[in-house]
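Participant: The chain contents come next:
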Amino acid sequence: MLTRRQLLKTGVAGVALLGAARMVYGPITPDPRFDSGAGPFRVLDPKSATALAAIARVMLHGALPRDEAKRQAALQQAVRGCDIAISGLPGTVQDEVKQLLTLLNSRLSRRWLVGVTSPWAEASDDQIAHFLSRWRYSSLLLMRSGYQALHQIIFAAWYGNPTAWPAIGYGGPPEFMKAYWNA
Amino acid sequence: MPKDLIAEGLASGHWDVRDAATFDKNQELEADVVIVGTGAGGGVSAEILAQAGLKVVMLEEGALRYASKDFKLNEADAYPTLYQESAGRQTRDKAITILQGRTVGGSTAVNWTSSFRTPHTTLAYWQRQYGLKDLTVDSMQPWFERAERRLNVIDWQTEPNMNNQVLMTGADRIGVHWAKIRRNVKGCLNLGYCGMGCPANAKQSMLVTTIPTALDKGATLITHARAERVLFAGDKAVGVQCQAMDAGGIYPTGHRVTIKAKTVVLAGGAINTPALLLRSSLPDPRGLVGRRTFLHPVNVSGAIMPFKVEGWSGAPQSIYSDHFLDSQPVDDVIGYKLEVPPLHPVLTASTMSGFGDKHRSIMARFDKLQVVLALMRDGFHEESRGGTVGLKNDGTPLLDYPITQFVWDGMRRAYLTMAELQFAAGATRVFPVHEDVGAEGYASWAEARAAILQLPMEALRAKVVSAHVMGGCGMSSSAETGVVDANGKAYHADGLYVMDGSVFPTSIGANPQLSIYGMTARNAAHLAKTLTGHDTRWGLG
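Chains U and H supply the protein sequences, listed in that same order.
Under the working numbering, think of the first position of the first sequence as 1, with each following residue one higher.
Under the working numbering, think of the first position of the second sequence as 1, with each following residue one higher.
The set of hints was computed from the structure by calculation and includes no laboratory data.
Nothing here was measured: the structure is a model prediction, and the numbers come from that model.
Treat the hints with caution; some may be incorrect.
With the C-beta cut set under 10 Å, the calculated list includes, among others, these residues of chain H facing chain U [said to hold, decoys possible]:
(1) Gly356
(2) Met363
(3) Gly390
(4) Asp394
(5) Thr404
(6) Phe406
In silico BS3-like cross-links for lysine-lysine, where the CA-CA straight-line distance does not exceed 25 Å [unchecked claim]:
(7) H:Lys236 / H:Lys260
(8) H:Lys463 / U:Lys178
(9) H:Lys392 / U:Lys98
(10) H:Lys463 / H:Lys358
(11) U:Lys70 / H:Lys392
(12) H:Lys308 / H:Lys358
(13) H:Lys529 / H:Lys260
(14) H:Lys308 / U:Lys98
In silico negatives: residues of chain H with every beta carbon more than 10 Å from chain U [unchecked claim]:
(15) Pro2
(16) Glu85
(17) Pro119
(18) Ser350
(19) His359
(20) Thr388
(21) Glu435
(22) Trp445
(23) Gln454
(24) Gly495
Note that beta-carbon positions come from the ideal geometry of N, C-alpha and C, so glycine has one too.
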């Protein structure tokens with residue numbers, strides 16, 4: 001898993017560049033946030049949820065419902081699934097995932113290291129797909145592992161949810177087992 | 001009405017089972033033998049030592065989960081609760097994802113029931129390279145027979161599911177020999193959900209065999225107890241100190257559990273046992289602890305068949321091929337074993353490469369998806385020395401396993417074999433699971449062959465997984481090259497034994513559970529004899 005410290009050490013962009021970026025782009029106004037639906041998350045903060053929702057929208061392209069309202073609801077469920085999946089990881093691994101999310105959603109690293117110039121909620125699918133492909137095929141192992149982490153978490157969250165099963169022809173566990181021990 | 005022997009045992013009032021997550025203060029217990037871990041090694045040694053009349057305490061980091069209450073066949077529940085690191089344990093560079101159990105019964109509670117004796121070639125290699133003269137085929141045979149009897153290892157007579165049939169058909173058509181896999185099951189319903197805990201208690205895992213017997217014989221089981229370090233008095237092991245873990249098994253509660261015992265048996269499995277020894281500062285003058293850890297690194301090939309496969313249904317593994325292990329010397333280029341995995345949505349989706357429409361195009365044909373695995377036989381060549389276990393900042397294990405060109409070469413040959421075999425069995429599309437393979441994969445064997453020869457074999461480009469952890473506390477006839485002797489006794493401490501897959505000096509070259517059962521039975525019987533003077537009747541029927 002990618003850590004911010006390691007990534008900076010790889011020299012893709014230095015701290016000076018980040019400082020310069022802040023001057024060029026002026027004072028920070030809050031980015032738009034993903035509407036995460038009811039209730040707080042276990043581990044995600046709102047900014048991380050926003051980034052994950054945008055990335056999941058592209059990762060899950062073709063799997064998400066076409067209808068806009070259903071699509072939003074499905075995305076909310078996917079982000080909740082990611083939150084649960086991350087919360088079940090050991091402490092050291094959770095920390096690595098959180099560092100990755102911080103890197104994605106801090107606006108300077110998002111712009112300069114991730115290569116997504118718009119806030120996550122406004123980034124286009126093409127822009128996000130470009131970022132994913134760049135990391136997927138990066139010559140840096142750390143970037144590839146960052147991509148793989150997002151891939152694993154998002155697909156586990158999506159396909160772990162029974163609502164995703166009918167569309168892939170999977171009927172779920174055999175029904176009769178539900179009554180097996182009470183028969 | 002079926003009876004769940006775990007639920008009944010707990011209700012009987014005769015079992016001493018304690019959940020450390022509920023402890024509100026530090027606890028201290030005494031025993032003759034403390035056993036760390038309840039998987040293949042811990043379960044068998046607990047039963048043999050408890051039957052010998054010794055007071056045994058079993059420690060398990062995971063929870064006690066069992067069929068009638070917990071095994072709901074849902075990946076989203078099963079992986080976080082039954083596996084190490086939510087079934088996502090990874091090597092240092094994240095290039096290999098490792099499936100390893102963490103629950104009462106360990107990996108035996110979640111494995112796919114494949115039962116192989118240690119191959120002759122592997123035992124012969126240990127004799128030559130590690131001086132393990134007593135571990136001959138003839139001397140090990142009775143221990144495998146006893147383990148097979150105790151755990152009901154049987155010829156599986158049911159028709160293989162379609163995923164396995166494709167392996168069989170394809171192998172026949174390309175002239176590769178195959179055979180049927182024996183399984184440790186009793187009353188198997190052929191469901192296909194072994195990896196989520198057997199819901200019918202048919203799999204003869206430690207959870208439903210040796211551990212209930214040990215509890216019947218007066219053993220104590222403490223769950224949610226993570227062994228922190230082995231306690232020593234001089235050069236003698238005198239117990240184990242544990243952290244009590246919370247109910248989720250993620251964070252320590254702050255309470256300690258200390259077991260004082262004259263004999264300490266380590267059976268946390270490879271990766272965890274060496275890490276425990278590293279935390280315990282066991283004298284290790286040659287720096288051998290944690291070295292030579294093996295994984296049977298696996299690469300994967302998917303195929304779309306012109307018929308339904310439904311790889312989630314039916315015994316997950318019933319056919320294998322050792323053609324590419326048998327057809328060359330063990331210490332030549334790396335050999336590989338062919339098998340298939342069960343296909344469930346989460347495991348499949350997280351394994352298949354790509355995102356967006358590419359990934360979906362594979363998942364949309366999930367019911368026609370067929371998958372073959374190649375397990376690399378690592379550890380038999382100087383360019384395959386496995387990985388090294390170290391510790392993270394918080395003391396938990398981290399395995400550094402660099403994949404050498406020698407191993408990548410085997411994986412490339414395996415991609416070729418698997419593609420040829422899948423096309424021969426009728427596949428319309430074959431896609432090696434690799435980031436550089438396009439959405440539609442390859443349409444013919446000729447196309448696949450040309451493309452596979454060009455694939456970059458690199459970490460996190462080729463998908464590599466593992467379900468077998470071995471080594472790290474290797475056996476040898478000499479303290480120069482081994483952490484333990486042929487009886488599992490540590491060279492540099494008294495009263496300390498290792499009885500799990502970490503004692504193997506190489507990988508096994510087959511799914512390791514029966515190798516662990518057989519070796520542990522032999523060595524636990526030896527230990528019981530040493531401690532009590534009596535021979536064990538274990539596995540004699």
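Participant: For the pair supplied as a hint, Lys308 of chain H and Lys358 of chain H, confirm whether the alpha-carbon distance does not exceed 25 Å.
Facilitator: holds (21 Å)
Participant: Any Cβ of chain U at or closer than 10 Å to Gly495 of chain H, or is the non-interface label fine?
Facilitator: Holds: least Cβ distance 31 Å, greater than 10 Å.
Participant: Taking only the CA atoms, is the gap from Lys529 of chain H to Lys260 of chain H under or equal to 25 Å?
Facilitator: Answer holds: Lys529 of chain H to Lys260 of chain H is near 21 Å, not above 25 Å.
Participant: Go through the hint on Phe406 of chain H and say holds or violated, using the shortest Cβ distance to chain U against 10 Å.
Facilitator: violated (20 Å)
Participant: Would the hint on Thr404 of chain H be counted as holding, given a Cβ-Cβ threshold of 10 Å to chain U?
Facilitator: It is violated, given that the least Cβ distance between Thr404 of chain H and chain U is near 16 Å, above 10 Å.
Participant: Measuring from the C-beta of Gly356 of chain H to each C-beta in chain U, is the shortest one below 10 Å?
Facilitator: holds (4 Å)
Participant: Take a quick look at whether Lys392 of chain H and Lys98 of chain U sit within 25 Å of each other, Cα to Cα.
Facilitator: holds (17 Å)
Participant: Against the 25 Å threshold, does the CA-CA distance of Lys463 of chain H and Lys358 of chain H hold or violate the hint?
Facilitator: Holds: Lys463 of chain H and Lys358 of chain H sit about 16 Å apart, inside 25 Å.
Participant: Are all C-beta atoms of chain U more than 10 Å from that of Ser350 of chain H?
Facilitator: Violated, since 5 Å does not exceed 10 Å.
Participant: Minimum C-beta separation from Glu435 of chain H to chain U exceeding 10 Å: can you confirm that?
Facilitator: violated (6 Å)
Participant: Holds or violated: is the Cβ of Gly390 of chain H closer than 10 Å to a Cβ in chain U?
Facilitator: violated (13 Å)
Participant: Taking the shortest Cβ-to-Cβ distance between Trp445 of chain H and chain U, state whether it exceeds 10 Å.
Facilitator: holds (27 Å)
Checked against the numbered hints above, the structure violates hints 3, 5, 6, 8, 11, 14, 15, 16, 18, 19, 21; every other hint is satisfied.
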